[in-house]
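For the record, the sequence lines run as chains A and B.
Start counting the first sequence at 1; every next residue gets the next number (the numbering used here).
Start counting the second sequence at 1; every next residue gets the next number (the numbering used here).
Because the hints were derived from the structure by calculation, they are not lab data.
Hints may contain errors.
As the list claims (entries may be wrong) - Pulled from the structure, derived: some chain A residues nowhere near chain B, Cβ distances all over 10 Å:
(1) Ser12
(2) Asp14
(3) Leu17
(4) Gln40
(5) Val42
(6) Trp98
(7) Val237
(8) Asp258
(9) Ala265
(10) Ile277
Stated by the list, open to error - Below, a list of computed lysine-lysine pairs in the BS3-like style, where the Cα atoms sit at most 25 Å apart:
(11) Lys227/A <-> Lys44/B
(12) Lys227/B <-> Lys16/A
(13) Lys65/A <-> Lys16/B
(14) Lys44/B <-> Lys65/A
(15) Lys227/A <-> Lys5/B
(16) Lys44/A <-> Lys281/A
(17) Lys44/B <-> Lys281/B
(18) Lys281/B <-> Lys212/B
(19) Lys281/A <-> Lys213/A
(20) Lys44/A <-> Lys16/A
(21) Lys5/A <-> Lys227/B
(22) Lys212/A <-> Lys246/A
The beta carbon of each residue, even a glycine, is placed where N, CA and C say it ideally should be.
Number of protein chains: 2
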Amino acid sequence: MTNLKLISEYKSFDGKLGFYYHPSSTCHSAMRFAVYQPPQAVAKPLPVLYFLSGLTCTEENFMAKAGAQRYAAEYGLILVAPDTSPRNTGITGEDDEWDFGTGAGFYVDATAEPWRSHYQMYSYIVQELPALIAANFPIQSEKQGIFGHSMGGHGALVCALRNPHLFKSVSAFAPIVAPMGCPWGQKAFSRYLGNNQESWRSYDASELVQQKKYHNSILIDQGTSDKFLAEQLLTDVFAQACTAVKQPLNLRYQTGYDHSYYFIASFIEDHIRHHVIAFEKI
Amino acid sequence: MTNLKLISEYKSFDGKLGFYYHPSSTCHSAMRFAVYQPPQAVAKPLPVLYFLSGLTCTEENFMAKAGAQRYAAEYGLILVAPDTSPRNTGITGEDDEWDFGTGAGFYVDATAEPWRSHYQMYSYIVQELPALIAANFPIQSEKQGIFGHSMGGHGALVCALRNPHLFKSVSAFAPIVAPMGCPWGQKAFSRYLGNNQESWRSYDASELVQQKKYHNSILIDQGTSDKFLAEQLLTDVFAQACTAVKQPLNLRYQTGYDHSYYFIASFIEDHIRHHVIAFEKI
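Just chain A, same shape as in the assembly:
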């Protein structure tokens, strides 16, 4: 494992959960991620499922709270959860706001100063990280899927829509589906990408799906009691875009659920099954 350093390791559901860091050539900083290898991984290569987390999260939240390892062990999947941004880059102001900078990389390649030197999360997720995972863990590279929560749901949709040959399946919990139209997205995009909104389109799932459909049905769970639904998530914008281009979408409004990991845990099994079914067809 050249350049890959194990920080800590836990046995979990008879498999192995490891927290790692490595010097990222894409983000020009140390990056962290977590990998869960189910017990089957000692015997053979397995499909891999990337989970992108939401604002303020690290590589730990998903592994600690979603309850996903139980199903990864049942179905034989490797789980990978990267951090949500570079950290300690030295960029002035990186830690000043909870919804921008550290913990809020928004899965874009920043083009604006001062962020462009480190905030290259899109390329990190679609290039450097999958290569690193393939080189160091027993994965089936033709069976990779991606999912995420909130900002990470946005990231998962964007990464899959733009890289369907890499990510064969995609799903999301309470994703930001139309970042160009919501305060979180507008704040992040204007500062990471500059004010030319044309450049924003390639990071907006509702725009992307209209340019090119995804080859598989997309699963989205959205709680009806999610306090961010009306202003930030704009789920209907994506639903309408999918309808317009006949993109298969399994959008489930879950009555009474909010934006928390308690919501994610309640439906994590369905999401893992969604990806497993997609992998079985490959």
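Since chain A is already given, all that's left is putting chain B on it; use the hints.
Just chain B now, kept in the frame of chain A:
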């Protein structure tokens, strides 16, 4: 719900997870706890299972990390997770040490100054809390069980061994089974209870089981890679005590597991089943 205040509520596995606080007449301070009501609770009273957490934990850790709600919803159990001590009592030094005072009540009724005015966790767990739960939630009072982790495993064993008519079943993850013989226990007991070790015996599971057997088999899971095993947990002391009095004990040494919630989550289903089976016999 007189005197019981809801802090926050989350839908979880089609049930309801609430965080509450109330003025405790036992601890003379505000106390917090969490209750998970599975979907069946809207229709009928259900068995209840108390989980006592370990050092530094609050009422939240178990609900966020153990993955128990999924099984509580499957089997129809109410889960209750109290905090691990009073907080903000004003006692000098209460926040100074991670393994004593705040977050470290050790489930004893303190008799020594200055702790005795607030640190009455044993009576809180076996009297005030069950009464409060029975008055405010749809429970079957004849079907109550208790389990816990580490310091909370100690608490669960002590509470069950001393109150078999209240707690019909008991289990523990990596419990402190012989607190009189380990540094954590000696530190806590000497300061909460004073130096007369005779008074310590009623809070030591390995002593208690020799005084009176428990009516049901006790389930304990203990990771072999738990860094606290040799010095603090002393699992074998309890195993030998059980053997000496023919107490049924299902002690499972789990190879490679540590002291974390990743360990708890891996075996939580087995523990919930252990209690469900006991309740079915009532």
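Now for the hints, and whether the structure bears them out:
With a cut of 10 Å on Cβ distances, serine 12/A falls inside the contact zone with chain B, its closest approach being about 4 Å. With a cut of 10 Å on Cβ distances, aspartate 14/A falls inside the contact zone with chain B, its closest approach being about 7 Å. For leucine 17/A, the non-interface assignment is contradicted: its Cβ lies about 6 Å from the closest Cβ of chain B, within the 10 Å cut-off. For glutamine 40/A, the requirement that its beta carbon stay farther than 10 Å from each beta carbon of chain B is met, with the minimum near 16 Å.
With a cut of 10 Å on Cβ distances, valine 42/A stays outside the contact zone with chain B, its closest approach being about 12 Å. The beta carbon of tryptophan 98/A is kept farther than 10 Å from every beta carbon of chain B, the shortest such distance being approximately 19 Å. Every CB of chain B is more than 10 Å from the CB of valine 237/A (nearest about 24 Å), matching its label as outside the interface. With a minimum CB-CB distance of about 6 Å to chain B, aspartate 258/A fails to clear the 10 Å threshold, and the non-interface call is violated.
For alanine 265/A, the shortest C-beta to C-beta distance to chain B comes to about 7 Å, within the 10 Å cut-off, and the non-interface label is violated. The beta carbon of isoleucine 277/A sits about 21 Å from the closest Cβ of chain B, which is more than 10 Å, so the claim that it is off the interface holds. Between lysine 227/A and lysine 44/B, the direct Cα distance comes to roughly 31 Å. Violation of the 25 Å bound is thereby established for this hinted pair. Distance check on the hinted pair: lysine 227/B and lysine 16/A sit about 17 Å apart at the alpha-carbon level, within 25 Å; holds.
About 17 Å separates the Cα atoms of lysine 65/A and lysine 16/B, which keeps this hinted pair within 25 Å; it holds. Of the supplied pair hints, the one linking lysine 44/B and lysine 65/A is violated, its CA atoms being roughly 29 Å apart against a limit of 25 Å. Of the supplied pair hints, the one linking lysine 227/A and lysine 5/B holds, its CA atoms being roughly 22 Å apart against a limit of 25 Å. Proximity of lysine 44/A to lysine 281/A is assessed by CA-CA distance (about 19 Å); at most 25 Å being required, the pair is judged to hold.
Taken as a hint, the lysine 44/B and lysine 281/B pair is honoured in the structure, with Cα atoms around 19 Å apart against an allowance of 25 Å. For the proposed pair lysine 281/B and lysine 212/B, the alpha carbon gap of about 21 Å is at most 25 Å, so the pair holds. Between the alpha carbons of lysine 281/A and lysine 213/A the distance comes to roughly 19 Å, so the proposed pair stays at or under 25 Å and holds. Between lysine 44/A and lysine 16/A the CA atoms are separated by roughly 15 Å; this keeps the pair inside 25 Å, and the hint holds.
Of the supplied pair hints, the one linking lysine 5/A and lysine 227/B holds, its CA atoms being roughly 22 Å apart against a limit of 25 Å. With a C-alpha separation of about 11 Å, the suggested pairing of lysine 212/A with lysine 246/A holds against the 25 Å cut-off.
Going through the hint list in order, the structure does not satisfy hints 1, 2, 3, 8, 9, 11 and 14.
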